[in-house]
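Q: As they're listed, the protein sequences go chains A and B. Each residue of the first sequence is one higher than the last, beginning at 1 in our numbering. Each residue of the second sequence is one higher than the last, beginning at 1 in our numbering.
Just so you know, these hints were derived from the structure itself, not from any lab. In this text, all values refer to a predicted model and were calculated from it rather than measured experimentally. Glycine residues also receive a C-beta, built at the ideal position from the N, C-alpha and C atoms. Any given hint could be a false lead.
[What the hints assert, rightly or not] No more than 16 Å apart at the CA atoms, straight line, and that leaves these computed lysine to aspartate or glutamate pairs for EDC-like:
1. B:K51 - A:D101
2. B:K92 - B:D241
3. B:K51 - A:D180
4. B:K389 - B:D15
5. A:K119 - A:E109
6. B:K51 - A:E99
7. A:K200 - A:E224
8. A:K119 - B:D351
9. A:K69 - A:D217
[To be verified] Partial list, derived from the structure: chain B residues whose beta carbon lies under 7 Å from chain A:
10. E50
11. T56
12. R57
13. P60
14. I119
15. A120
16. S121
17. R124
18. M125
19. N134
20. S137
21. W140
22. L193
23. S195
24. W350
25. D351
[Said to hold, decoys possible] What follows is a list of derived Cβ distance ranges for each label pair:
26. A:E109 - B:K51: 26 to 36 Å
27. A:D220 - B:D351: 25 to 35 Å
28. A:E231 - B:L256: 51 to 61 Å
29. B:T136 - A:E149: 20 to 30 Å
30. B:V386 - A:D101: 43 to 53 Å
31. A:E149 - B:L252: 49 to 59 Å
32. B:P21 - A:E99: 50 to 60 Å
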Amino acid sequence: MDITTLEKEKNEGIETLPSEERRKFLKMGLTVTGVFLGGTVLSLTSVKKALCGNTDSVIPADGQYPYPKHYGMVMRQNHCIDCEQCLDACRDTNHVPAEHDAWRTTIQERITTVDGTEKREFRPILCNHCNRPPCVRVCPTKATYKDQETGIVVMDYKKCIGCKTCMAACPYNARYFSHDRYAIDKCNFCLDTRLAKGEKETACAAACPADVRVFGDIKDSTSEIYRLLHEPDNKIWVIRPECGALPNVFYMNA
Amino acid sequence: MATNAITTFFNQTQDTSLATPRINRFTLFFLFIIILGLGCGVASFIIGHEKVYNYTRDVPWGLLISTYAFWAITSTGLCIYAAISHIFGGTKMAVVSNRMVWMSIICILGAFATIGVEIASPHRMLIYNIISPNPTSNIWWMGTLYGLAVGCMIVEFFGIVTGLARIAVILGTIGAVAEVLANSCLSGVFATLPSRPYWYGGQLPIYFLTAAFLSGASAIILFNQLAYKIRGQEMPQSVKDALKSAGKAMTLVLILYSVATFWRLIMYFVGGSELGRIAADALISGPLSVPFWVFEVCIGLIIPLILILLSRLQNTGMMAIAGLLILVGQFVARYNLVAGGLLVPGTLGWDNAPTYFNYVPSFFEFAVVMGSLGLVCFGFLVGERVFGKTFTQKEHH
Ligand code: SF4
Ligand code: SF4
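The following block holds chain B by itself, in its conformation from the complex (with noise of 0.2 Å):
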């Protein structure tokens, strides 16, 4: 009886044109690799974090958070989009909100999942953070927030494939106000830091949340032109008109985002702390030059910036690649981000202190990474799999 509730159920949202044994390979792979990655992960509490991360002292942070940092970002940009078109309606992106809240849900999963083996005592966390709150902590509530983000969406999403769009309009709200507070409260992590002139300071908010647009836009282009891709499908008009918007939302962060990258380098030179000039040096012609002129500013904004004016917003392929450029390059500057923060000694001029600390993650930090993009792919597929139908429905009327 509830079986067969269940299977009707889900005769309304899956695809059953996905079910081909060459998806079906994919989404395995995709698991495989979270099994690797995660598991990494998951050994890393019994071989010990210390043996297995590259973290220090000195440098007690470095790729898991950035990853982290990225995930969290693009799933917050990701939820705002959806909100706003389910919210105010009306907006070309409307016929693929659906896919966004999945993909939020997904990418926030992503991000709990890299965390997760970050921490040394995740289990202390769940008993810890409730029982012995601490209401300064930008770290707790940004756990707090995302956590509440994250319930909602999931909440809103049941409501979106049962038709309850009532509970989905209202949670998706919610949902949505809780991830813009929790990204705020993570750039607070960094931003609140005096002793880290190179986070230190009100920008930093402004611009984390910046990215999320830009992520979250990019995001969405990648995303839907995947799901017609795999389906081996045109797209329809009205999903092209919403990629159209998404890539003008996307145009449009692109250049604040920019000229704030722009600014946010240039202020460190300029006067201020001598430990936020060294650190922006990093950036400029020190150990993170190259991702940084190479990955954040060619890979992930120049070059997008080039294919979009070249795809005049028409060319939805080369938009997605423009998006998936500029995730790459959001992904490095995050890790640009954290690491310049920390690369820099607070000791300077003691202890034969470099002016750089050596920092490079290690062989279990990248496995962990692929294990959550592993986690996003797959998470992507079997969405695209079993709620095809709902993603898709409202984009053919």
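Okay, chain A solo, but in the shape it has when bound (with noise of 0.2 Å):
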């Protein structure tokens, strides 16, 4: 029986198998993973997972979208190339200043050794417009909050104190204070830039040449996101999902 044979046979749950075999069904699953998909055992389970509505996914399961939209993004990692034009697409679209610490999305790098040679690998981060924000519950004033149709985190900047807390509390460093705007401001899918004039990307998906930032509903089963998402073959990973942000913005490499 191969995969795709296997993946349409209707899934009787293991939870009802007396233990002796529920081991040996989970022993037979790492074989067919390790033979199947070239060892990415941890890809299968997490998004069998995740179609089962498993908590320890990293993808919200089907049916447990809280908004009538739900964006989020999907970054193939291995396919940057740091070329920074969703940098500047960002900055134009959203008059993100040109200082240093002020960037709503950025690209980090860093250097691994395999086998002796270097390689650099870079990152594409923004605001992960997390389904449980740490900044949103923080914040005194609700100065930034979900918005109830995208669920995309938005900020109020009229109704920011400025007490930096969100700052702290957000485990991917993706606020900061706005001079120009005296408050915080980050990332927010382009929502008033873009998606409320009909766009269908934001600016920094639209702009990227190596086709990294895959931008969507990731509730709509017909969405690319949604296909790179509940792709079995696809290893998803998310930032720091110890904090328990549950985080929209999905990594794997492609």
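Hints are included, so try docking the two chains, each in its own frame, into the full complex.
A: See below:
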């Protein structure tokens, strides 16, 4: 039986199996994934769990999207070449001041050594529009909140008292103090500058020549982002999952 | 007519023995410090916070938040001891409880002054804290509860000086409950952030409350000792007994606090989050090691303990020095806590992130701290001068 046939089988669940059976089943699962997917054991288990609505997946389960639309982004991380066109597009579109620590999205870099050769790795980051956003919880005046239509975490600048608690709370360093607005500023998936005008993509995603950033409604099963997230072969991860913020920016190598 | 009433009123409360040129000079000196220090804070709004405070995207908080926490925690401690003596009576500390209430108010004002010039837009806070409150926000609860507490304590103090004992006790109780809850919310600001493993966890709120008991007891001893020093008077036996009680509380909590500090740090080295361990390392052997070992541990815990033992709780002068050192240690401990949580980059491993961010408080930050200290000293002297008789009335029975 190959993996596609196996996939189509109805999942009877393993909860009711006696533990001996269960162990056998798990062993089989490991063998199957190990053989067919070249060792991406974690990927198969995590994506499968997501489909089953298991809680330790990083992907929200079907039927558990609290907002009418649920925007997110998948980063095909290994495609990133650090051209920084996304950064420029973001600055232009969203009037991000050209100061050193003012950015809504940026590219991180690290050097890893594989078999004696140095390898540069790039990782685009931005606000994760978390499902359980610490920034929103801690804000005393609801100056930052989740948009009820889209799940995007937005700012109401006039309410921001500048206590900077959200900056301390965000696991992703996604927020900065904008001296122009005299309030905290952050990525809002171009909600006001593009989505509101009918554009389907954020400025960064549209500008990326390497097609790293896939933006979309992860609730929409016909979307590209949905497909990437639910492709069993794709190993999907998020940054700092241990913080429990349930981020909506996902990473994979493609 | 009204002026007459006010004059008569103050004649009953004020201590004219303090109307000396020396005390006046000191009072003016501290006023000057307030104007300079908090003036720098106010000027920061005109010059721009970003230009005068050393906060960055990476380290959004620093010395001012820790100073705020220090004064707020000390205020809570003073308020709790005062309330316990007011409500239950009978404790030896009751004789100095009026002074505690006053100093608790002064300390919380020191805290407000500090955070007032730290927040970027305090005017928006006044509006949106009320019309757009967020009940899940620790900051919101903390601000609201401290506001409530200071309101209650001011009315309580009014009750004390006008002899409305019932009002004083009721408001004192509400104020103390609000202070304890506010203290808890203050710790919650840090303790509920999983992004900062050095802060995250259920132990921190107990730690903050313990710190309040420690700072409060130290402040009682220090301020009462000073109150008699500036008058050049011998302390009555009743006050000595009160300070002895406070000294016992101080010693006990000092030990509890030391135990908590020990275990809090050890926990990071037995597993758990890497970021937490790196933060703890900042205190043990990293950039915060001098503030930690020299100030927090030696000056703030070990030397005071030795002094207390040497004083046998009899020598109030020595105990007051121990109290002062504990307060210095506590001040630095708050800084270590705030800085420890923020110096560690969450993106460790990427972008050549340093193991520790570099944050050194700016001149303006230090100036504001001095201003808040000036405010507390000024408040102390004014309190003794204007309400001295109210403070001492019970002491001579
Ligand atoms: S990434 Fe940070 S700013 Fe964005 S929603 Fe999550 S906690 Fe808030
Ligand atoms: S800095 Fe502004 S947005 Fe952030 S928590 Fe404070 S008030 Fe809310």
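Q: Would the hint on P60 (chain B) stand, with a C-beta cut-off of 7 Å toward chain A?
A: Where the cut-off is 7 Å and the nearest Cβ of chain A is about 4 Å from P60 (chain B), the hint holds.
Q: Regarding the hint that S121 (chain B) lies at the interface with chain A, is the smallest CB-CB distance below 7 Å?
A: 5 Å, holds
Q: Is 25 to 35 Å respected by the C-beta to C-beta distance linking D220 (chain A) and D351 (chain B)?
A: 34 Å, holds
Q: Is K200 (chain A) within 16 Å of E224 (chain A), Cα to Cα?
A: Given that 16 Å is the threshold and the Cα spacing comes to 12 Å, the pair holds.
Q: Between K51 (chain B) and E99 (chain A), does the CA-CA distance stay at or below 16 Å?
A: With a Cα-Cα distance of about 13 Å, the restraint between K51 (chain B) and E99 (chain A) holds, given a limit of 16 Å.
Q: Is the hint on I119 (chain B) kept, meaning its closest Cβ partner in chain A is under 7 Å away?
A: Holds, because the Cβ-Cβ distance from I119 (chain B) to chain A comes to roughly 5 Å (cut-off 7 Å).
Q: Holds or violated: the hint that L193 (chain B) contacts chain A, with Cβ atoms closer than 7 Å.
A: Hint on L193 (chain B): holds, closest Cβ of chain A at ~5 Å, below 7 Å.
Q: Does the interface hint hold: is E50 (chain B) within less than 7 Å of chain A, judged Cβ to Cβ?
A: 6 Å, holds
Q: Quick one, are K119 (chain A) and E109 (chain A) close enough, alpha carbons at most 16 Å?
A: Holds, because 10 Å separates the two Cα atoms, which is no more than 16 Å.
Q: Would the hint linking K51 (chain B) and D101 (chain A) be met if the CA-CA limit is 16 Å?
A: The hint holds at about 14 Å.
Q: Return holds or violated for the Cβ distance of E149 (chain A) and L252 (chain B) against the range 49 to 59 Å.
A: Since E149 (chain A) and L252 (chain B) have Cβ atoms about 56 Å apart, the given range 49 to 59 Å holds.
Q: With a cut-off of 7 Å, does the beta carbon of T56 (chain B) approach a beta carbon of chain A closely enough for the hint to hold?
A: 6 Å, holds
Against the hints set out earlier in the document, no violation occurs for any number.
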